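> With chain X's structure known, arrange chain W on it following the hints.
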Amino acid sequence: MASPTAADVLHRAAELRGTLTAQFRDETVKSIYAEAERVARRASHQTGSARYDFDQRIDRLVTSPIFGLPIMALMLATVFWLTVAGANVPSAMLANFFFWIEGHGAALFDSFGAPWWVTGFLWHGVYRGLAWVISVMLPPMAIFFPLFTILEDLGYLPRVAFNLDFLFRRAGAHGKQALTMAMGFGCNAAGVIATRVIDSPRERLVAILTNNFVPCNGRFPTLIMIATIFVGPLVPAAVASLAAAGAVVGVVIIGVIFTLAVSWGLSRTVLKGEASAFTLELPPYRRPGVMRILYTSLIDRTLFVLWRAILTAAPAGAVIWILANINIADISIARHIANGLNPLGHAIGLDGVVLLAYIIAIPANEIVVPTLLMVYMGTGMMTDVTSIEDVTNLLINQEGWTLLTAVNLMLFSLLHNPCATTIITIYKETLSIKWTTIGTLLPLGLAFLVTFIVASLW
Amino acid sequence: MSADNCGSCVVNAELARMGVNVDKVDRVVALAGNPNTGKSTLFNALTGLKQHTGNWPGKTVTRAEGGFEFASVRYKLVDLPGTYSLLSASHDEEIARDFLLFGQPDATIVVIDATAIERNLNLVLQVLEITSRVVIAVNLMDEAKRKNIDVDVRSLSRDLGVPAVGIVARTGEGIHALLEAVGGVASGETHTTPLRVKGTPEFHRAISELVPLIESLAPGVPNARWIAIRLLDGDAEVEQALSSGRLVELAAAQQQAAQRFSGKIALQGAQ
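As given, the protein sequences belong to chains X and W, one line each in that order.
Heads up: the first sequence at position 149 corresponds to 149 in this note's numbering, and the numbers run straight through without jumps.
Heads up: the second sequence at position 186 corresponds to 1186 in this note's numbering, and the numbers run straight through without jumps.
Think of the hints as simulated: they come from the structure by calculation, not from any bench.
Note that this is a predicted model, so its numbers are computed, not measured.
Errors might be hidden in some of the hints.
[Claimed, not checked] Capping the alpha-carbon separation at 30 angstroms, the derived lysine-lysine pairs in DSS-like fashion look like this:
(1) W:1198 with X:30
(2) X:272 with X:428
(3) X:434 with X:272
(4) X:30 with W:1147
[Said to hold, decoys possible] Covered stretches of chain X, as calculated for chain W (at least 3 residues, CB under 8 angstroms):
(5) 5-13
(6) 27-37
Beta carbons: idealized from backbone N, C-alpha and C, even for Gly.
Chain X on its own, in the form it takes in the complex (with noise of 0.2 angstroms):
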């Protein structure tokens, strides 16, 4: 016999479909479930009674209709205020420790009679910004992730999904968007990537470009701070740092509603579509390992970030020396500079230097609060700052901040264009130059016309 040519089988193969019923397809399906239950049956047998009462208990409180989102927010806001509260002292001490080393070694150099433009480049530029973000970020971090990687360990990261499930739908959007989103907290282009899970590809569109919307563990820092300073005064001391916590849970709340709103337009409009259907299944609850997240959150996650952040900060903090240090005209380029930005700044209730912050902090957000304060200090009398006493003082007595200074930074915070990692790995998943610009230019347009909204009705 001659062989067969592909066109021939493929010729036969469909004469032969032909004799088959119709719904082929369902009784394949049909029967290799029946074989499933079969096999099943012998081998697996429930005796005494089935323990699912203990995890069917359980899920019914935190993804019931009424309990489930209130519980939600119950615990990012126990997650938050355990972080706020814990990492004030040691990122004090932290502080004082690294500004300790920063006034002997520079005083050494003094001694050494080295210039004094190379003391304050290495001194008081790369490595004060090292030493910020460090103990800025370090604490909050080495408290958040753990606790984060329990409640994910723990199983309860689909139970959010399940829980957001019907806003997402309602918004045209996948509803394991919502799991996306929760790894946006840790950073957005994680967050990013993780939309891989969703297979359509239109509704992983609307995923990746709303994932900014959801601060990133380089934004809580930013935010936590603002909240402790403006937000915590304004109740009694024994609860600030639990209104503190509230500030920002309700900072994250606007972020999801953000998430919800431009989910649904962009699904209206240019990502036109329903949503499709999925399963997603509740896992059994887990006895969390503690080595597992221990390792998890602070090798693969506390460590991974900080080390970005250190790669950045330290270019970063020799830019702002040099920016804020050189003299044109008797005044420093980063307030030329801020000078230039103000009347934008001033539009949305902010000011120049945070605008040229959000310049200097585009490779990594973590960077915005170092370059906040050392444009302030190199172009104001206070020079020293090595308190949150001290950061109070600069930002309400010597810069004029207000409520409404703290409000928009936040918002601009949480709104405004994804740091560079994220926009890059936009373009690696999408691979469109197109959506790589949206996915920039859209929340950092939202971020300008909400701020300059809130400052008009103030």
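Coordinates of chain W only, in the frame set by chain X:
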């Protein structure tokens, strides 16, 4: 792991974790299973790698590769994305299916959840349609015990026609026995008689006519029966593979093909 018991002491004596070092492997083993059954945990236990494990389905988005050595045989382990089936055309299912079909692993470990045998068997039966070199790892035996579910691994093995081993991937319990079973299947020493779902008489007639046609078109093709089923179902991608000659090429140069596909996979797996 803090909760080591003696099951893993034995494993540690014979198992050498090779991490990402997968040069010069003797055999390729695929790791399949439903989402959230502990595939990644087993993967990490065998390779010593620290692939992120998390208690939510769909976490392993692309595949990971790692190596281990057991009883002087070097294995490359490919962790496939978790799927509920190989039938419908989601991206994950496609990756998993393509690897089982074209990557031609020497053995496939299907990890199933001891507390939900029936649901997990759907995937097992579909994998058995593609390849007969299968070992079932019944994971989470400890959880089943807690829930008072009695799992008869021997009955499972007898009914499915392939080895089945109960394990607790998190503590390492049963992994030694699992690897022995994998070794037997991968080397061909263990003969398997996989359970295949029976269809209607017309279906049988169509399959038995197509299989020889496919085999003479692509001599040496290892899963003609599965290809026949997909052709009858009108699977556009399999039709494409057949008419473009990709299938024929693959059958002719199996070794090369396995390498090429794992090359493509490594690219996608760069997480």
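> Let me make sure I understand: some of the numbered hints might not hold for this structure. Which ones are they, in numerical order?
none
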